[in-house]
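Asker: Taken in order, these protein sequences are the chains called Z and G. Using our numbering, read the first sequence as starting at 1 and increasing by one per residue. Using our numbering, read the second sequence as starting at 1 and increasing by one per residue.
Heads up, a few of these hints could be off.
Stated by the list, open to error - Coverage of chain G stretches by chain Z, computed from C-beta distances (three or more under 8 Å per stretch; other residues unrestricted):
1. 161–173
2. 213–224
Claimed, not checked - Heads up, incomplete: computed chain Z residues facing chain G, CB under 10 Å, no partners named:
3. Trp129
4. Ala170
5. Leu171
6. His205
As the list claims (entries may be wrong) - Non-contacting residues of chain G with respect to chain Z, defined by C-beta distances greater than 12 Å in every case (computed):
7. Gly17
8. His20
9. Ala27
10. Gln68
11. Gly112
12. Gln120
13. Thr132
14. Asp154
15. Thr158
16. Pro197
17. Pro201
18. Asp258
19. Tyr276
Quick caveat, the hints were computed from the structure, so don't treat them as lab data. Every residue, glycine too, gets a C-beta built ideally from N, C-alpha and C.
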Amino acid sequence: MDASSCARDAAALADRVLGALRGSGGVGLADFLASRADPTAGLGAVRLVGADIFLPHVVLNRPLTAQDAEVVAASFEVFPQATEPVAPEQRVMAWHDWSTARLLATLTGDAAVAAPDDPAAVLGSVEKWARWSVAVAQLSSLAHPGATGPVVDAVAAQPQALCRGVLRAALRRDFVIASRLTRWVALTHAMGVRLPVNPVVLVDHVALRVGSEPRQLLDLAVARHLVGAP
Amino acid sequence: MTSLVHTAHDVAARALGWLHTNRDLGAFEDDAATTDLNDPEGAYKPLCELALASSLVLREGVAGTNEQRAARALVGFTWQQLREGDLLYERQLRHALLTDPLETYAHHARSGLRHEALEQTLVQCAVEDSMTELLPNRRLAVANAHRIVGIHRDDDFTAMLRQTWLGRIPQPWALDWYTAYYMTHTVFHVTDWGAKPGDLPPDVVEYLENWLPVWIDVWAEAGQWDLLGELLIVSACLPEPRCDLAEWELFASAQHADGLLPRDDRPVVDDTEQRYHDHKHTAVVATIAGTLAMSRLLGGQA
C-alpha cells in the first residue's frame with residue numbers, strides 16, 4: 001500500500017458518501033472495498049474518511065448493513081488505533097478514530113467507546129487561535145449532525161476563535177481548511193450558539209471557491225445540512 | 001505593558017527621526033508656485049501626511065523632547081513649503097470642490113498654524129456644500145477636517161459612518177487590500193485619530209475587536225507592513241485599545257536601523273531618494289501608530 005493510492009481511494013470513498021447523501025443509495029463499503037485494486041489501501045481509505053462514512057446513516061437514517069460494519073471493524077484490525085498518542089498528529093488521529101468507533105458502536109448497538117483524553121491536549125490553547133483553529137479543522141469529521149462529546153463542547157465554547165480561524169483561512173485562500181472549519185461553524189450554529197459571522201453566507205462563499213475535491217464537497221454538504229440550506 | 005510602551009516609542013521615534021532627517025527629499029523641487037499640483041501624489045500629498053504625523057505627535061504630547069522638537073520642525077517645514085498656507089488658499093479658491101487643501105490645512109491648524117483668508121474660503125465652501133460627491137470614507141475625512149479647523153457643519157458622523165464599508169458591518173472576509181485602507185481611514189476620521197474612541201458605535205467596536213487580530217495576522221504574513229501599521233492605529237483607536245506585544249514586535253522587527261520601515265516585503269533599494277519616495281508613507285504610519293499606542297497605554301487623551 002502506498003500513501004497516494006490510499007488518498008485516491010479516500011477521495012473515491014468520499015465521493016460515494018457524497019452521492020449517498022444526494023440520494024444515490026447507500027455507500028456500500030463492502031462493494032467499495034471489493035472494487036479496490038489494493039484492499040489494504042481501501043481499508044486505509046475507510047480510516048481516513050473516518051466517521052464521515054456514516055453520514056448517510058446519521059443524516060438520512062439509513063440502516064448500516066452487517067457487511068459494511070465488518071469493513072469498518074476490519075479497518076481497525078489492519079490499522080490499530082493509537083493507544084497512547086503523544087505527537088500532535090497522533091492525537092488528531094486518536095480523536096478521528098474515536099469518532100469513527102463511537103458512531104460504529106451507536107449504529108451497531110455495541111458498547112460506548114471511551115474518549116482519548118482532554119480535548120485541550122489536541123486543540124492547544126485557544127489564545128493561539130490560528131493554531132487552535134487548524135487543529136479544529138483537522139477534526140472536521142467530528143462535526144456531524146447530532147454530534148456531541150468533549151471536542152464538540154470545546155469548539156462550541158469558542159465561537160470567536162472558530163470564526164477567526166475560518167476568516168483567516170478564507171483570506172489566505174486556503175479553502176481546504178476553510179471548508180472544514182465551515183462545517184464546525186455550521187454545527188456550532190445548529191447547537192444554538194451565537195456567531196459573529198452569518199453561517200449560511202459563509203457556506204455559500206466557500207462553496208463558490210472550494211473546487212471539486214470530494215472531501216471538501218462532503219464538508220460543505222454536511223455544513224449545508226446543518227444550517228438548513230438547500 | 002512597559003515593554004510594549006518601549007517598543008511603540010522606539011518605532012515611532014525612529015520613524016519620526018527618519019522623516020526628519022530626510023525631510024528635504026520631500027520638498028518641492030524648486031518653487032511651489034511652479035509645481036504641478038495636478039499630481040498630488042508627487043510632493044503635495046506627502047507634505048500633508050508629514051504634517052499629519054507631526055500634528056499628532058504634538059497633540060498627544062507623550063514623545064520625548066527630541067521627538068517633540070522634530071515634530072515641531074517638520075510641521076514648520078511643511079508650512080513653509082506651502083508658503084505659510086498661501087498655496088493651499090490659492091488652490092482652494094480656484095478649485096472649490098477639491099478636498100486636499102482643507103485636509104492639508106487641518107493638520108497645520110491643529111498645530112496652531114492658521115491662515116485667515118483660507119479659512120474664509122473654507123467656510124464659504126462649507127456653506128456651498130461643495131465637497132460632497134465623494135466616497136463614503138472620504139466624506140468622513142472632509143467632515144473631520146472641518147471639525148479640526150473649527151468650521152461648524154451639521155455633519156452626522158454616525159450616519160456617514162453607516163454609509164462606509166465598515167459601518168455596514170459586512171462579512172469580514174468581504175475585504176481586499178484597498179478596502180482595508182478605506183476601513184482604517186473610516187476609523188481614523190470618526191475618532192479623529194484616536195481622540196474620540198467613544199464615537200465608534202458598539203457594534204462597530206465589537207466587529208473590529210473580533211476581526212482585527214485576523215486581518216493583522218494575514219497581512220503581516222503577507223509582509224504588508226504599511227497596512228499592518230494602519231491596523232495597529234485602528235487598534236489604538238478603540239475604546240479599549242488593543243495593544244498586542246507580539247504584533248508590535250513583529251512590526252518593529254521590520255524596521256531598519258536608520259528608522260526606515262518598508263512598506264512591504266519587497267527589497268529596499270539603496271538610492272536615498274527612491275527609499276524616501278517608496279517608504280515615507282509607512283514612516284508616517286509608524287509614527288502615528290507608535291504615538292497613539294504609547295498615549296493610550298499611558299492613559300493619554302486618545
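Asker: Take the hints in turn and mark each one as holding or not.
Answerer: How the hints compare with the structure:
1. 161–173: holds (count 3)
2. 213–224: This one holds; 6 residues, not fewer than the three required, reach chain Z with a Cβ under 8 Å.
3. Trp129: Result: holds, 7 Å to nearest chain G Cβ.
4. Ala170: 4 Å, holds
5. Leu171: This hint holds: Leu171 (chain Z) lies near chain G, its Cβ roughly 5 Å from the closest one there, short of 10 Å.
6. His205: 7 Å, holds
7. Gly17: 34 Å, holds
8. His20: Nearest chain Z Cβ is 36 Å from His20 (chain G), so the label holds.
9. Ala27: At about 39 Å from chain Z, Ala27 (chain G) clears the 12 Å cut-off, so the statement holds.
10. Gln68: 37 Å, holds
11. Gly112: Consistent with the label, Gly112 (chain G) stays out of reach of chain Z, its closest Cβ about 43 Å off (over 12 Å).
12. Gln120: 48 Å, holds
13. Thr132: Per Cβ check, Thr132 (chain G) is outside 12 Å of chain Z; nearest 33 Å; holds.
14. Asp154: 34 Å, holds
15. Thr158: Holds, because the least Cβ-Cβ distance between Thr158 (chain G) and chain Z comes to about 21 Å, which exceeds 12 Å.
16. Pro197: Non-interface label stands for Pro197 (chain G): nearest chain Z Cβ at 21 Å, farther than 12 Å.
17. Pro201: 16 Å, holds
18. Asp258: The assertion about Asp258 (chain G) holds, with a minimum of 32 Å to chain Z.
19. Tyr276: The assertion about Tyr276 (chain G) holds, with a minimum of 31 Å to chain Z.
When the structure is compared with the earlier hints, no violation turns up for any of them.
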